[in-house]
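Colleague: Protein chains in written order, with our numbering: chain A, 1 to 514; chain B, 1 to 514.
Hints may contain errors.
Intra- or inter-copy, both count: the list cannot distinguish identical chains.
As the list claims (entries may be wrong) - When the alpha-carbon atoms are kept at most 25 Å apart in a straight line, the in silico BS3-like pairs for lysine-lysine are as follows:
id: 1; residue 1: K116; residue 2: K91
id: 2; residue 1: K463; residue 2: K116
id: 3; residue 1: K77; residue 2: K258
id: 4; residue 1: K496; residue 2: K477
id: 5; residue 1: K106; residue 2: K77
id: 6; residue 1: K116; residue 2: K106
If you are wondering where the hints come from, they were derived from the structure by calculation, not from laboratory data.
Number of protein chains: 2
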Amino acid sequence: MSQIRHALDVKREDDFSHWYQEVISAADMAEESGVRGCMVIKPWGYGIWERIQRLMDDRIKAAGVQNCYFPIFIPLKNFEREAEHVEGFAKEMAVVTHHRLISDGKGRLIPDPEAKLEEPLVVRPTSETIIGDAMARWIQSWRDLPLLTNQWANVVRWEMRTRMFLRTSEFLWQEGHTAHENREQALEETHRALEMYRACAEEDMALPVIAGEKPENERFPGAVETWSIEAMMQDGKALQAGTSHFLGTNFAHAAGIKYQDREGREQFCHTTSWGMSTRMIGGVIMTHGDDDGLRVPPRIAPQQVVIIPMLRDKPEDADVLAYCEELHRQLAVQHSMDEPVRVLLDKKPGQAAAKRWGWVRKGAPVIIEVGPRDMAEGKVAMIRRDRLWNTETGKVAFQFMAREECVSGIDALLADIQKSLFEEAAARRDANITRGVTSLDEVAAFYDGSRKFPGWIEVQWSKPTGAVLEKVVETLKEHKLTIRNVPRDAAPADDKCIFTGEAAVERILIGRAY
Amino acid sequence: MSQIRHALDVKREDDFSHWYQEVISAADMAEESGVRGCMVIKPWGYGIWERIQRLMDDRIKAAGVQNCYFPIFIPLKNFEREAEHVEGFAKEMAVVTHHRLISDGKGRLIPDPEAKLEEPLVVRPTSETIIGDAMARWIQSWRDLPLLTNQWANVVRWEMRTRMFLRTSEFLWQEGHTAHENREQALEETHRALEMYRACAEEDMALPVIAGEKPENERFPGAVETWSIEAMMQDGKALQAGTSHFLGTNFAHAAGIKYQDREGREQFCHTTSWGMSTRMIGGVIMTHGDDDGLRVPPRIAPQQVVIIPMLRDKPEDADVLAYCEELHRQLAVQHSMDEPVRVLLDKKPGQAAAKRWGWVRKGAPVIIEVGPRDMAEGKVAMIRRDRLWNTETGKVAFQFMAREECVSGIDALLADIQKSLFEEAAARRDANITRGVTSLDEVAAFYDGSRKFPGWIEVQWSKPTGAVLEKVVETLKEHKLTIRNVPRDAAPADDKCIFTGEAAVERILIGRAY
Chain A
1 MSQIRHALDV KREDDFSHWY QEVISAADMA EESGVRGCMV IKPWGYGIWE RIQRLMDDRI
61 KAAGVQNCYF PIFIPLKNFE REAEHVEGFA KEMAVVTHHR LISDGKGRLI PDPEAKLEEP
121 LVVRPTSETI IGDAMARWIQ SWRDLPLLTN QWANVVRWEM RTRMFLRTSE FLWQEGHTAH
181 ENREQALEET HRALEMYRAC AEEDMALPVI AGEKPENERF PGAVETWSIE AMMQDGKALQ
241 AGTSHFLGTN FAHAAGIKYQ DREGREQFCH TTSWGMSTRM IGGVIMTHGD DDGLRVPPRI
301 APQQVVIIPM LRDKPEDADV LAYCEELHRQ LAVQHSMDEP VRVLLDKKPG QAAAKRWGWV
361 RKGAPVIIEV GPRDMAEGKV AMIRRDRLWN TETGKVAFQF MAREECVSGI DALLADIQKS
421 LFEEAAARRD ANITRGVTSL DEVAAFYDGS RKFPGWIEVQ WSKPTGAVLE KVVETLKEHK
481 LTIRNVPRDA APADDKCIFT GEAAVERILI GRAY
Chain B
1 MSQIRHALDV KREDDFSHWY QEVISAADMA EESGVRGCMV IKPWGYGIWE RIQRLMDDRI
61 KAAGVQNCYF PIFIPLKNFE REAEHVEGFA KEMAVVTHHR LISDGKGRLI PDPEAKLEEP
121 LVVRPTSETI IGDAMARWIQ SWRDLPLLTN QWANVVRWEM RTRMFLRTSE FLWQEGHTAH
181 ENREQALEET HRALEMYRAC AEEDMALPVI AGEKPENERF PGAVETWSIE AMMQDGKALQ
241 AGTSHFLGTN FAHAAGIKYQ DREGREQFCH TTSWGMSTRM IGGVIMTHGD DDGLRVPPRI
301 APQQVVIIPM LRDKPEDADV LAYCEELHRQ LAVQHSMDEP VRVLLDKKPG QAAAKRWGWV
361 RKGAPVIIEV GPRDMAEGKV AMIRRDRLWN TETGKVAFQF MAREECVSGI DALLADIQKS
421 LFEEAAARRD ANITRGVTSL DEVAAFYDGS RKFPGWIEVQ WSKPTGAVLE KVVETLKEHK
481 LTIRNVPRDA APADDKCIFT GEAAVERILI GRAY
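Given only the sequences and the hints, what does the whole structure look like? Please build it.
Modeller: Below is the structure:
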């Protein structure tokens with residue numbers, strides 16, 4: 001096995017955190033903006049978000065949920081109301097206090113003291129309360145239910161330590177908010193959204209996830225139940241990748257969301273909310289990235305196939321280009337995974353080899369190079385990004401094939417890459433969930449630093465609440481661990497609780513998390 | 001001709017402004033949010049925006065422009081820089097000064113004095129300057145050009161008097177920003193964007209527009225040339241419906257956007273910017289709305305066909321519903337204007353007649369009603385929203401036809417509605433542009449109030465600049481008039497300037513405007 005010279009300067013196993021930043025930079029996905037905690041999402045990163053958005057939006061619409069848009073500013077009184085009935089109220093928010101800038105006479109601009117707002121406004125950290133107000137206006141009778149709304153928007157939460165995609169002061173997300181006649185229907189919607197997130201993660205982003213309920217201490221403030229999907233990153237840490245909340249009538253009471261039922265009685269609605277954000281892109285990077293950069297699953301790749309003509313400033317360049325243009329035309333009318341194939345002919349000035357490595361780092365699923373010899377033979381040289389290297393020779397694993405074969409095989413190829421990326425991640429995830437840990441000492445030993453990327457452990461517990469649960473949370477925290485969720489599809493409990501020694505009632509996943 | 005009982009309480013000719021608000025409310029498009037100057041865009045209004053967005057985004061991508069996302073917050077220094085080099089700098093903006101809320105101990109929340117930002121941040125009124133900063137970082141050589149970027153985002157401009165869709169403190173838009181090697185290429189892009197807006201307005205929104213250059217006094221601050229498309233509303237006023245700016249090297253100088261040219265010399269880029277916003281929805285309403293509500297052109301209608309089953313809580317309801325579901329299936333696999341037909345089966349509880357009028361007010365292009373008798377005969381009852389009334393009988397102009405005929409004819413029908421709405425608006429626009437006005441007295445007489453909706457006049461001028469132009473602008477302002485633009489496709493000048501008496505060099509459009 002020859003030595004491979006990877007495209008990145010840093011390897012995952014040497015410094016995962018540094019590697020993560022390096023991928024974002026090498027794949028040209030995003031950069032620091034110079035504005036505190038806010039990033040600029042560049043075309044390749046934003047293109048991935050647009051793909052995630054479109055695929056998820058199709059699922060949202062198919063479920064009968066309607067998109068709306070609510071104001072970016074939220075009055076203080078909405079938070080005062082929330083602060084009253086919610087314990088874990090987060091107060092780090094951007095506050096607008098003035099509506100005009102004036103010159104200070106020394107070349108600087110300052111907020112105009114004459115233009116101070118009577119009531120400061122908050123830049124939305126979530127639209128929960130303002131959508132609650134709208135629901136209270138919109139719902140009169142059971143005929144108005146279910147009310148199924150969603151918003152795609154930017155939100156701001158003032159963060160002290162930020163990390164691109166994973167934690168930024170401004171991020172992009174969708175937030176679904178629904179109101180129902182009763183508990184059963186609201187619970188059904190909570191699970192529909194959870195299942196939608198599972199499908200988006202697994203089928204679109206090729207991220208294997210575990211869907212389950214969050215323990216009491218990890219619930220969204222005010223929620224009766226919080227459910228999540230959890231994905232395992234390559235360093236073994238968990239990324240919470242989408243949450244769905246059953247809110248009971250708590251938020252309906254706070255916002256006055258009432259309806260007249262079929263018998264004419266006034267009732268409070270049962271509501272839900274569910275959200276997923278640009279954080280997912282961080283999950284895609286940490287799941288599919290390798291030591292050569294990003295690998296984008298074909299379904300969310302802005303470009304699935306990139307054709308690079310090998311031009312040498314020679315007369316035959318025109319023929320090579322024409323050959324590539326014909327290939328582009330042929331590929332662009334193919335379909336794969338229910339959509340037209342997204343194919344780019346990269347005609348930008350520059351060396352073909354430099355362009356190849358650029359696309360390798362960006363993680364385009366398929367890269368096709370065409371030089372004069374390929375053209376003469378009616379062939380193409382194809383790189384499958386998920387199998388970049390010939391590990392025997394240490395060289396790039398080009399596949400040479402007839403142009404027709406390349407065209408007719410593209411559908412199956414892209415589908416296979418999508419599947420392979422998922423299977424690779426699922427196998428790694430499964431190999432890194434350790435079962436059969438039956439004591440706290442074993443937990444401590446497992447996470448004592450001897451394992452580089454220890455992954456998660458599945459343990460059984462008695463589902464303690466209140467002070468006992470707080471104790472459990474504290475104990476785990478000493479090892480930087482958290483309970484990820486109670487997997488929906490786990491086997492029943494059959495042992496003792498590792499925390500209390502009582503009979504266990506369910507299994508939970510424990511791990512470190514982003 | 002019988003008396004028609006229209007669906008709205010107010011008619012266009014009685015109170016256009018009140019009628020406008022009434023349509024928005026009756027079509028359930030948007031509402032006041034309770035947050036100063038910000039609206040809630042409801043599903044039907046937002047669905048229209050989503051359609052406009054998707055069609056325009058396809059055009060943007062087809063032109064090789066790439067979407068990015070830039071921070072919502074902009075540092076003060078960016079505006080200080082702009083304030084220096086730009087005369088008409090607008091200062092009404094939302095200013096963030098604190099990043100935390102705390103309780104005042106009396107049940108209220110206040111900005112935490114400890115969490116005052118060292119440097120206030122502005123909620124973006126446009127991303128011009130921050131994108132300029134990014135361009136300066138991203139561009140090194142001619143190989144990086146052209147740089148073609150676009151952003152879909154919310155922006156905030158503090159407005160004292162607001163009007164839904166037309167002028168709100170927060171609105172949604174896209175802003176394109178491009179950098180080029182030279183003047184010619186930047187001008188070409190300016191015109192490509194202008195032409196794109198013309199096509200979006202005319203082909204997608206069925207809004208006839210006049211594309212042309214803005215006079216000097218109406219230029220975007222700092223621009224060398226500003227081009228616009230102008231649409232005529234039913235009250236004869238103009239709506240500027242999209243602008244495209246050629247910025248020369250002005251913004252490149254301000255932000256330091258430089259590149260090394262093919263000869264290795266450092267040069268400033270020539271840049272452009274172009275934008276279009278949710279304001280367009282106001283234009284759609286004021287162009288296509290009638291005394292029964294909105295009429296949405298099929299290409300931008302969230303639902304193009306709505307099927308209403310006439311249910312009576314009787315046993316045959318199930319059969320009627322099954323018949324409608326089959327019709328829905330058949331229509332949904334049809335294509336019209338290059339897209340699958342968007343068809344909704346309205347199964348919500350409620351009377352069929354009430355639902356019909358709801359969809360009439362929303363302006364769904366085609367409404368189909370099916371009752372037990374229609375079903376028995378294999379027929380449907382169809383309403384074409386753009387020809388709602390039988391003016392002879394004063395009744396709704398139902399067309400009864402076989403179900404198969406309805407299905408096979410839907411493509412042509414939707415295309416015809418799209419075309420008819422455009423032609424109706426174009427004919428009205430053309431009838432309301434008055435030519436041959438040759439003196440200022442005539443202008444004054446034309447707009448003296450004797451005409452209810454006077455429309456625009458086309459006059460010839462000598463294209464004065466500086467103080468002479470200022471005088472012209474002042475004179476027009478006395479009659480609440482502005483110069484809309486210099487139509488790109490107008491006939492050459494052949495007369496004297498109505499302002500200066502000198503030989504005219506071009507024709508301009510004058511009118512009142514939103």
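Colleague: Indicate, hint by hint, whether the structure satisfies it.
Modeller: Against the structure, the hints come out as follows:
1. K116 x K91: both (21 Å within a copy, 14 Å between copies)
2. K463 x K116: neither (51 Å within a copy, 43 Å between copies)
3. K77 x K258: within (20 Å within a copy, 48 Å between copies)
4. K496 x K477: Close inside one copy (21 Å), not across copies (84 Å); limit 25 Å.
5. K106 x K77: Close across copies (13 Å), not inside one copy (37 Å); limit 25 Å.
6. K116 x K106: both (21 Å within a copy, 22 Å between copies)
Checked against the numbered hints given earlier, the structure breaks only hint 2 and satisfies all the rest.
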